[in-house]
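What follows is each chain in one-letter form.
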Amino acid sequence: MIGLVVVSHSASAAEGIAEVAAQMGGGNARIVPAGGDEDGIGTSPDRIRAGLEEADDGDGVVVLVDLGSAVMNTELAIEMAADVNAAIADAPILEGTLNAAVETTSKKATIQSVVDRAEEAREYRKLN
Amino acid sequence: MIGLVVVSHSASAAEGIAEVAAQMGGGNARIVPAGGDEDGIGTSPDRIRAGLEEADDGDGVVVLVDLGSAVMNTELAIEMAADVNAAIADAPILEGTLNAAVETTSKKATIQSVVDRAEEAREYRKLN
Amino acid sequence: MADVDTQREAVLEALDNVSTRLTDEKSYLTDLDSAIGDADHGSNMQRGFSKAAEKRDDFSEMEPHEVVKNIGTTLISNVGGASGPLYGGSIMFASQELEGGITTESSVAFAEAYLDKVKDRGGAQVGSKTMVDALVPAVHTYKKSVEQDDLPPLEALAKAVDAAERGVAFTTPIKALKGRASFLDWRSVGHQDPGATSTLFIMEELLATAEEYLDGDVVRDARADNAVRRDE
Amino acid sequence: MADVDTQREAVLEALDNVSTRLTDEKSYLTDLDSAIGDADHGSNMQRGFSKAAEKRDDFSEMEPHEVVKNIGTTLISNVGGASGPLYGGSIMFASQELEGGITTESSVAFAEAYLDKVKDRGGAQVGSKTMVDALVPAVHTYKKSVEQDDLPPLEALAKAVDAAERGVAFTTPIKALKGRASFLDWRSVGHQDPGATSTLFIMEELLATAEEYLDGDVVRDARADNAVRRDE
Ligand SMILES: Nc1ncnc2c1ncn2[C@@H]1O[C@H](COP(=O)(O)OP(=O)(O)O)[C@@H](O)[C@H]1O
Ligand SMILES: Nc1ncnc2c1ncn2[C@@H]1O[C@H](COP(=O)(O)OP(=O)(O)O)[C@@H](O)[C@H]1O
Ligand SMILES: [Mg+2]
Ligand SMILES: [Mg+2]
Ligand SMILES: [Mg+2]
Ligand SMILES: [Mg+2]
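Same order as they appear, the protein sequences are chains A, B, C and D.
Take UniProt numbering: the final residue in the first sequence is number 128, and no numbers are missing along the way.
Take UniProt numbering: the final residue in the second sequence is number 128, and no numbers are missing along the way.
Take UniProt numbering: the final residue in the third sequence is number 232, and no numbers are missing along the way.
Take UniProt numbering: the final residue in the fourth sequence is number 232, and no numbers are missing along the way.
Among these hints, one or two may not hold up.
30 Å max Cα-Cα, derived DSSO-like pairs, lysine-lysine [unchecked claim]: (1) Lys119(C) - Lys175(C); (2) Lys107(B) - Lys178(D); (3) Lys175(D) - Lys108(B); (4) Lys175(C) - Lys108(A); (5) Lys51(D) - Lys107(B).
The following residues of chain D were derived to be distant from chain B, with all beta-carbon distances above 10 Å [as the list claims (entries may be wrong)]: (6) Asp16; (7) Gly72; (8) Gly123; (9) Asp149; (10) Pro152; (11) Thr172; (12) Arg180; (13) Tyr213.
Pair ranges (Cβ atoms, derived) [to be verified]: (14) Asp116(C) - Glu119(B): 21 to 29 Å; (15) Asn85(A) - Gln96(C): 55 to 63 Å; (16) Thr23(D) - Gly27(B): 18 to 26 Å.
It should be emphasised that the hints constitute simulated quantities derived from the structure, not laboratory data.
Glycine included, each C-beta is placed from N, C-alpha and C at the ideal position.
Full structure from sequences and hints, please.
Here is the structure:
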């Protein structure tokens with residue numbers, strides 16, 4: 001099953017997002033929060049790398065990110081974790097993680113289909 | 001100053017999002033997390049109402065929400081808190097809150113400008 | 001029109017019946033929600049209505065429409081999930097139609113106001129695979145039976161319950177467009193909607209209560225589809 | 001080409017000088033970041049380079065390019081923020097250009113690789129109000145001075161530092177398009193970019209170190225704009 005890593009500048013945001021998304025995946029999705037850094041707000045390539053390795057069961061990982069440095073540190077972490085097949089989704093972090101969580105529980109899921117589904121969350125409208 | 005309320009199904013997601021956004025607003029923004037419900041994952045109109053009242057200094061409040069029932073409970077809370085002038089932004093919750101936090105610290109901010117700025121976050125692209 | 005005490009008693013009796021029924025159906029509703037949601041609809045509904053039923057004593061001096069309104073606000077604070085604002089908020093809103101007392105006419109107005117609020121709050125239409133799919137046929141049928149066909153209220157309500165049951169059956173073969181289940185996209189097809197189902201159960205209890213108070217006994221049509229209820 | 005021990009010593013000396021300088025400039029960089037960011041650039045840079053400088057002993061047996069690479073990985077893990085992956089990742093990446101030893105030619109290749117990686121990783125161009133605005137003029141000037149004008153490396157580097165200073169000054173009147181400051185939109189105009197400023201400080205220390213090791217003493221051009229440095 002494709003794993004998910006949630007990279008927010010806030011550790012509690014990453015955990016909370018993973019928690020809401022876990023419900024969407026009916027409790028079956030593999031979702032690892034990897035937020036914050038040693039000093040609090042920030043992102044850490046070492047934590048993200050550990051998250052990639054934890055989320056991967058061999059099928060690969062899709063990463064959801066919040067801002068700028070989360071993207072850069074995730075890219076670095078993906079380069080470091082050379083054995084993990086991983087891609088970053090260009091999606092709003094919470095909404096993208098929910099969509100992705102549902103998609104990972106589909107039998108036909110691929111890294112690409114999970115990225116696509118996450119990115120569809122950009123179109124998600126909340127008000128009627 | 002316009003206040004912000006962050007309504008996620010997860011209390012820790014709401015707190016974390018508020019924490020990241022507080023930095024964007026240079027520590028000046030008024031951001032109140034109002035996530036979760038009595039049983040954990042969910043949203044609570046009573047908590048949201050309390051959040052609206054806490055975030056309002058008389059200039060009004062903009063609310064950022066995650067999914068379906070967050071919207072409905074926020075609408076109910078806004079109806080209940082009749083003395084607070086509040087609007088919901090149709091925006092990705094984390095990205096919208098960051099944008100909104102910056103806008104609230106602008107001298108020219110209005111409820112509409114904060115909503116607009118939050119909704120611009122839909123267009124935010126993370127990968128180059 | 002029945003006197004105020006009888007009206008209040010009927011409302012409280014309906015509340016008890018609904019609360020008991022939802023307690024009985026708790027695990028069935030949760031099973032439905034586990035297939036296309038987050039497996040909490042049974043406990044949400046049971047918790048909310050039990051809290052309301054526990055407030056019986058607080059309600060004993062209120063006008064009937066006030067009792068209904070307070071049931072709504074209790075549900076708002078206690079159901080949780082999407083069904084909290086939908087059930088609670090719509091009951092609260094529609095209760096104003098009962099201000100002049102509970103009559104056949106005001107019950108039609110209540111039903112219409114309730115449906116309008118659910119649609120307005122949730123943005124679902126018929127075919128979105130939600131409680132709206134049970135409500136629309138029920139409310140349309142009730143109104144038409146009362147206003148066009150001049151059926152007595154009990155018969156009109158029985159027809160409405162049958163209509164709701166067809167609506168529940170209709171939710172199974174379609175894709176969810178609103179609520180949590182919509183995240184599943186095509187995978188939601190083939191599963192019955194929990195909120196439509198709880199709507200049916202509540203209506204069945206309203207009918208049972210009405211049978212007591214209107215002193216009638218109606219034969220419901222053959223059920224539309226046995227699939228909509230759990231194996232007993 | 002200087003021998004390996006001298007090269008390593010020069011790298012370690014540069015590291016010390018940079019670390020000391022960034023410690024001195026910590027509150028100035030943080031002040032700059034507080035105007036258009038989150039007031040952490042000074043502590044980010046100071047922390048990262050101090051950690052690297054503390055590892056001096058671990059580096060004492062390594063090839064010079066390995067030392068540079070390890071400085072990069074130390075920054076990656078310790079700077080934090082956007083500047084962590086940008087400084088650390090780019091130093092790490094560019095270190096491979098020094099595998100054959102540190103020469104004038106390889107220093108040009110290093111500078112180019114470093115700039116490419118910063119641009120590639122962060123997506124900023126000249127005019128985005130980032131460190132790229134200091135780097136592009138510096139690297140272009142250094143390369144041209146060495147390759148076209150055949151200037152000695154120390155003079156080329158001095159010209160590059162002046163170019164970086166013009167770049168830093170250029171960041172003030174423009175709007176940020178990348179990084180945190182871009183969230184401020186027009187309100188970012190009128191503030192000098194912290195990352196461009198720290199880039200200049202680092203280059204000044206590289207120049208000072210080179211002056212020692214290449215045994216020269218260069219006169220820098222008149223400064224482009226006194227506004228780019230703090231009041232002393
Ligand atoms: N937007 C909506 N409009 C109408 N009904 C909805 C809407 N969203 C959800 N529902 C109803 O709510 C039911 C789910 O309720 P519940 O499980 O209690 O809440 P949640 O989905 O938040 O866990 C669905 O089966 C559906 O009938
Ligand atoms: N995408 C980017 N490309 C190039 N440089 C960037 C980018 N984003 C940020 N920077 C640089 O990083 C500096 C800020 O670094 P720092 O304050 O340490 O990180 P953060 O902004 O995450 O707190 C900015 O002044 C800018 O020069
Ligand atoms: Mg549910
Ligand atoms: Mg729920
Ligand atoms: Mg910063
Ligand atoms: Mg920072």
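How the hints compare with the structure:
Distance restraint check for Lys119(C) and Lys175(C): the Cα-Cα separation of roughly 18 Å lies within the 30 Å cut-off, and the hinted pair is therefore satisfied. Proposed proximity of Lys107(B) and Lys178(D) is supported: the alpha carbons are some 23 Å apart, at most 30 Å. About 19 Å separates the Cα atoms of Lys175(D) and Lys108(B), which keeps this hinted pair within 30 Å; it holds. Only pairs whose Cα atoms come within 30 Å are accepted, and Lys175(C) paired with Lys108(A) is accepted, the gap being roughly 19 Å.
A threshold of 30 Å between alpha carbons decides the hint, and for Lys51(D) with Lys107(B) the separation of about 41 Å lies outside it, so the pair is violated. The non-interface label for Asp16(D) is consistent with chain B: the shortest C-beta to C-beta separation is roughly 32 Å, beyond 10 Å. With a least beta-carbon separation of about 21 Å from chain B, Gly72(D) lies farther than 10 Å from that chain, consistent with its non-interface assignment. At the 10 Å boundary, the C-beta of Gly123(D) falls inside the reach of chain B, the nearest C-beta of that chain being 3 Å off.
Every C-beta of chain B lies more than 10 Å from that of Asp149(D), the closest at about 33 Å, which supports listing it as non-interface. Here Pro152(D) stays apart from chain B, with its beta-carbon at least about 37 Å from theirs, past the 10 Å limit. Taking the minimum C-beta to C-beta distance to chain B, about 19 Å, the non-interface status of Thr172(D) holds against the 10 Å cut. At roughly 7 Å from the closest C-beta of chain B, the C-beta of Arg180(D) falls inside 10 Å, breaking its exclusion from the interface.
Every Cβ of chain B is farther than 10 Å from the Cβ of Tyr213(D); the closest lies at roughly 37 Å, confirming the non-interface assignment. For Asp116(C) and Glu119(B), the Cβ-Cβ distance of about 28 Å falls inside the hinted range of 21 to 29 Å, so the restraint holds. Between Asn85(A) and Gln96(C) the beta carbon distance is about 59 Å. The supplied range of 55 to 63 Å therefore holds. Checking the proposed 18 to 26 Å range against Thr23(D) and Gly27(B) shows it holds: the Cβ atoms sit about 25 Å from each other.
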